[in-house]
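Chemist: In order, the protein sequence lines correspond to chains C and G.
For the first sequence, our numbering assigns the number 1 to the initial residue and increments by one for each residue that follows.
For the second sequence, our numbering assigns the number 1 to the initial residue and increments by one for each residue that follows.
No lab work stands behind these hints, which were simulated from the structure alone.
There's no promise every hint is true.
A pair counts as met if it fits within one copy or between any two copies, since identical chains are not told apart.
Stated by the list, open to error - The list that follows gives simulated cross-link-like pairs (lysine to aspartate or glutamate, DMTMM-like), each with its CA atoms no further than 25 Å apart:
#: 1; residue 1: 148; residue 2: 110
#: 2; residue 1: 137; residue 2: 427
#: 3; residue 1: 54; residue 2: 110
#: 4; residue 1: 79; residue 2: 451
#: 5; residue 1: 79; residue 2: 424
#: 6; residue 1: 54; residue 2: 113
#: 7; residue 1: 438; residue 2: 222
#: 8; residue 1: 297; residue 2: 236
#: 9; residue 1: 54; residue 2: 241
#: 10; residue 1: 54; residue 2: 222
#: 11; residue 1: 106; residue 2: 263
#: 12; residue 1: 148; residue 2: 113
#: 13; residue 1: 438; residue 2: 474
#: 14; residue 1: 148; residue 2: 68
#: 15; residue 1: 79; residue 2: 68
#: 16; residue 1: 290; residue 2: 301
#: 17; residue 1: 487; residue 2: 246
#: 18; residue 1: 420; residue 2: 195
#: 19; residue 1: 234; residue 2: 482
Since this is a predicted model, take the numbers as computed values, not measurements.
Protein chains: 2
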Amino acid sequence: MLRFGPIAAAAARRAPPRPRENLTLPWPPSLSRQVRAAGGGGGGRVVPVLKTPKGTRDHPPVQAALRDRLLSAVVSCFKRHGAAAIDTPVLELRETLMGKYGEDTKLIYELQDQGGELLALRYDLTVPFARYLAMNKITNMKRYHVAKVYRRDNPATTRGRYREFYQCDFDIAGQFDSMIPDAECLKIVHEILSDLQLGDFVIKVNDRRILNGVFAVCGVPESKFISACSTVDKLDKVPWEEVRNEMVGEKGLSPEAADRIGEYVQLHGGLDLIEQLLQDPKLSQNKLAKEGLSDMKLLFEYLTLFGITGKISFDLSLARGLDYYTGVIFEAVLLQQENEHVEELVGVGSVAGGGRYDGLVGMFDPKGRKVPCVGVSIGIERIFSILEQRLKASGEKLRTTETQVLVATPHKQLLAARLKLISELWDAGIKAEMLYKKDPKLLKQLQYCEDTGIPLAAIVGEQELADGVVKLRDVSTREEVDIPRGKLIDEIRRRLEP
Amino acid sequence: MLRFGPIAAAAARRAPPRPRENLTLPWPPSLSRQVRAAGGGGGGRVVPVLKTPKGTRDHPPVQAALRDRLLSAVVSCFKRHGAAAIDTPVLELRETLMGKYGEDTKLIYELQDQGGELLALRYDLTVPFARYLAMNKITNMKRYHVAKVYRRDNPATTRGRYREFYQCDFDIAGQFDSMIPDAECLKIVHEILSDLQLGDFVIKVNDRRILNGVFAVCGVPESKFISACSTVDKLDKVPWEEVRNEMVGEKGLSPEAADRIGEYVQLHGGLDLIEQLLQDPKLSQNKLAKEGLSDMKLLFEYLTLFGITGKISFDLSLARGLDYYTGVIFEAVLLQQENEHVEELVGVGSVAGGGRYDGLVGMFDPKGRKVPCVGVSIGIERIFSILEQRLKASGEKLRTTETQVLVATPHKQLLAARLKLISELWDAGIKAEMLYKKDPKLLKQLQYCEDTGIPLAAIVGEQELADGVVKLRDVSTREEVDIPRGKLIDEIRRRLEP
Chain C
1 MLRFGPIAAA
11 AARRAPPRPR
21 ENLTLPWPPS
31 LSRQVRAAGG
41 GGGGRVVPVL
51 KTPKGTRDHP
61 PVQAALRDRL
71 LSAVVSCFKR
81 HGAAAIDTPV
91 LELRETLMGK
101 YGEDTKLIYE
111 LQDQGGELLA
121 LRYDLTVPFA
131 RYLAMNKITN
141 MKRYHVAKVY
151 RRDNPATTRG
161 RYREFYQCDF
171 DIAGQFDSMI
181 PDAECLKIVH
191 EILSDLQLGD
201 FVIKVNDRRI
211 LNGVFAVCGV
221 PESKFISACS
231 TVDKLDKVPW
241 EEVRNEMVGE
251 KGLSPEAADR
261 IGEYVQLHGG
271 LDLIEQLLQD
281 PKLSQNKLAK
291 EGLSDMKLLF
301 EYLTLFGITG
311 KISFDLSLAR
321 GLDYYTGVIF
331 EAVLLQQENE
341 HVEELVGVGS
351 VAGGGRYDGL
361 VGMFDPKGRK
371 VPCVGVSIGI
381 ERIFSILEQR
391 LKASGEKLRT
401 TETQVLVATP
411 HKQLLAARLK
421 LISELWDAGI
431 KAEMLYKKDP
441 KLLKQLQYCE
451 DTGIPLAAIV
461 GEQELADGVV
471 KLRDVSTREE
481 VDIPRGKLID
491 EIRRRLEP
Chain G
1 MLRFGPIAAA
11 AARRAPPRPR
21 ENLTLPWPPS
31 LSRQVRAAGG
41 GGGGRVVPVL
51 KTPKGTRDHP
61 PVQAALRDRL
71 LSAVVSCFKR
81 HGAAAIDTPV
91 LELRETLMGK
101 YGEDTKLIYE
111 LQDQGGELLA
121 LRYDLTVPFA
131 RYLAMNKITN
141 MKRYHVAKVY
151 RRDNPATTRG
161 RYREFYQCDF
171 DIAGQFDSMI
181 PDAECLKIVH
191 EILSDLQLGD
201 FVIKVNDRRI
211 LNGVFAVCGV
221 PESKFISACS
231 TVDKLDKVPW
241 EEVRNEMVGE
251 KGLSPEAADR
261 IGEYVQLHGG
271 LDLIEQLLQD
281 PKLSQNKLAK
291 EGLSDMKLLF
301 EYLTLFGITG
311 KISFDLSLAR
321 GLDYYTGVIF
331 EAVLLQQENE
341 HVEELVGVGS
351 VAGGGRYDGL
361 VGMFDPKGRK
371 VPCVGVSIGI
381 ERIFSILEQR
391 LKASGEKLRT
401 TETQVLVATP
411 HKQLLAARLK
421 LISELWDAGI
431 KAEMLYKKDP
441 KLLKQLQYCE
451 DTGIPLAAIV
461 GEQELADGVV
471 KLRDVSTREE
481 VDIPRGKLID
491 EIRRRLEP
């Protein structure tokens, strides 16, 4: 989905204007950035600058393990809902991406013309999904896609906003009965945010048809709907007065129209509000708004059956940035962190979002055939920032390997015994390590277990070899038992059972 | 590792010359490639060309599921050997990649200069790993990395050679006792190729120091070592006569030197050959060769303890393309496919490779400090091609989802009952789906189970609702049993136990 992400269009639009990197200034030639090494073994050599590109980062083992855990939780929810995985290339033809992102097109990474096709890095997973559906003439599909996307936006890495970041998307394409897939998308957001125990959250829901209906009955000309939309979208950041000023000043709406809009977009509630608006003398006369409201009512019925309306807010100020939404839109917001200190450090807001986009696939079809779609994107980078801060605060040590047994020797001249034993363990599927030294000290070997969280040590010395046993040591209790060699694998498996 | 891959340098070097895409010819402007849509709903609209970039592909669900299975097998082996995961950006500073790949530098994808840093797509996972180690001053690490890399080579997609492809790398960095990590890398290749049941294979092993020693004692000037190396590397594709001609003709070696080289590089064997060469009057006088041979002997001792020498061949013709190898090099080759028909279609050769590169990290260190490394790269794309062909030939239907239960209703007006039940299943962690129709026919629902391999259907009708039960249907046996609602989850779990 185009919906959002750490460096998302929506976020960029909502945030106060930030100084943008000068995108046209040519960078000084490569050489001038290189460091002439001084002294040491490299005397006078030119060594490249040691960094990752701006707005990108490495994931060292702890971060990689934490991310893996997070992505697993998200993917397991997507699988629980019967989605199949697909993958598309990181590279797309430039023309595939053009004309899909409005103003944000300038944030697309383009590849140099080295001959051949003109290419760009994908900006999200939604446009490639739509291209995939149209290209393969697929009219019906439930898929998930977890992959990196690229945006030349201004990074804010402390808040989890990067130029290379993961998106986790779940989308349902196909012509179905109203609001059933839409309700499932909201259930998915609810499940994931609950599973991850990120604290309290609310999922704001609105419908583009309702918003457009509001604009229409308030006297906004249709040509100004999109621009009015993006102003309304700021209501979660600034008070109504400011939004009203922008509408009248910058956007050229009449003060009366703005005031009328203000009466609507400051509303939020549940089924009661939907009923109230369905009775609204003006809004109920607008065909689009009525459709949107009836569907919203249906959606709330389904969400009631799912038992999740407690976290859902029908919020008329929710607009979301992208042009291509055609129906339901939604966004999940964390209400507070588990402690205020963390909140201050991380400062995350929206952690999931999505909506219905019934026209995008048609843009790729030669005959313009539409495939209705609805989907959700989980804001994994922001959630990752929270989990990272939480891990730091807790002092918990995350294991970065899964090694179960260290094969150790108590004295010298036993490398062969270690190699033979570890090979037996590997062949039995046991996760095992040994130190890459011919004659490591036993203490060093045991210390390695403690440092890396290996629960068991299998120790073979001359005595054990003579007796046909292996000394199995529980690293945490320091208890040691001699196990007959032939029973070692079973004993290790038994000890490692959950 | 730089070692190889579907579009690998080594492969490119070995293959007969292929017509190269004209890399300088400017592509016609984007518009000229667009298709003017004819008729239908899109009358006259300009629709982008529906394709993925040359040498790249989508992975539809079946391929994505197969790839997932393959990558899991590889990663689980890496984890069994105690490696931690890291991740690095797909984008690197251009200067990080420059000067590392020799002639193949022209195959690097460069990003357009859009202001800011000059970037490129990573060409492999080895140079980013070396950059990561140097940047973080890490001198000791065992890591794996599974990710996509990019090469503007000529694709040969039927043989699994793409411009975007996965590499699966395992590397051990650090100063350790000789040949212990090197032996583990070979054990890993052996485990993975055995686990995947790809048929018979051989792992060829050599050492750059032995090769250089051979060149030296045969009278090749040091300046021609690298070029002689790349000629020797062709011995697995063409007969010695041709290699000899190239040495004398193109590479300018004397016929006598070539003949002397020929006597060595056509040798292959095991420990006996190592012993023989250690006694060789000329070679044993060369310091480098002697070091290499002693280490090779040690390696074979360790591989004997691992019980894998049956698949290892000390092969003096193995050279591998990359400049930066400094010690042991190896390459695994499939000897035959399970049936000849498949072999003909796929035509894969090398499926894993690697070696020792003790100098690469030092290229990134301002003081040139070295971190010795050895690693292996699994040629996942070639293996994937084999598995894909095998899957097709078998007619086996690979499930693309993991759905365990379809929630179904036998007649109309029961959408609410389905939504309530499926929500209970999701909340209990059961993988469940329902059709997105208000009133789907039971037959359609059961057909969906058969089509997608869902083993169970949970059916609720008026009668079941009244009785407080759910009819649980085994899709394959068509057996149906009424289960009290409160016991449904347990019963489903019981049935799904392996």
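Chemist: Could you run down the list of hints and mark each one as holding or not?
Modeler: Hint check results:
1. 148 <-> 110: For residue 148 and residue 110, both the intra-copy (16 Å) and inter-copy (18 Å) Cα distances are at most 25 Å.
2. 137 <-> 427: Answer is neither: 46 Å inside a copy and 34 Å across each miss the 25 Å cutoff.
3. 54 <-> 110: both (16 Å within a copy, 16 Å between copies)
4. 79 <-> 451: Only across copies: residue 79 and residue 451 sit 17 Å apart there, 35 Å inside one copy, limit 25 Å.
5. 79 <-> 424: between (36 Å within a copy, 16 Å between copies)
6. 54 <-> 113: both (22 Å within a copy, 14 Å between copies)
7. 438 <-> 222: neither (78 Å within a copy, 34 Å between copies)
8. 297 <-> 236: within (24 Å within a copy, 70 Å between copies)
9. 54 <-> 241: neither (37 Å within a copy, 52 Å between copies)
10. 54 <-> 222: neither (40 Å within a copy, 42 Å between copies)
11. 106 <-> 263: Neither: 35 Å inside a copy, 61 Å across copies.
12. 148 <-> 113: both (23 Å within a copy, 21 Å between copies)
13. 438 <-> 474: The answer is within: 24 Å in one copy meets 25 Å, while 58 Å across copies does not.
14. 148 <-> 68: Both, since 14 Å and 17 Å are each at most 25 Å.
15. 79 <-> 68: Both, since 16 Å and 14 Å are each at most 25 Å.
16. 290 <-> 301: The answer is within: 17 Å in one copy meets 25 Å, while 80 Å across copies does not.
17. 487 <-> 246: Neither, since 77 Å and 58 Å both go past 25 Å.
18. 420 <-> 195: Intra 44 Å, inter 20 Å, cutoff 25 Å: inter-copy only.
19. 234 <-> 482: neither (69 Å within a copy, 53 Å between copies)
Checked against the numbered hints given earlier, the structure breaks hints 2, 7, 9, 10, 11, 17 and 19 and satisfies all the rest.
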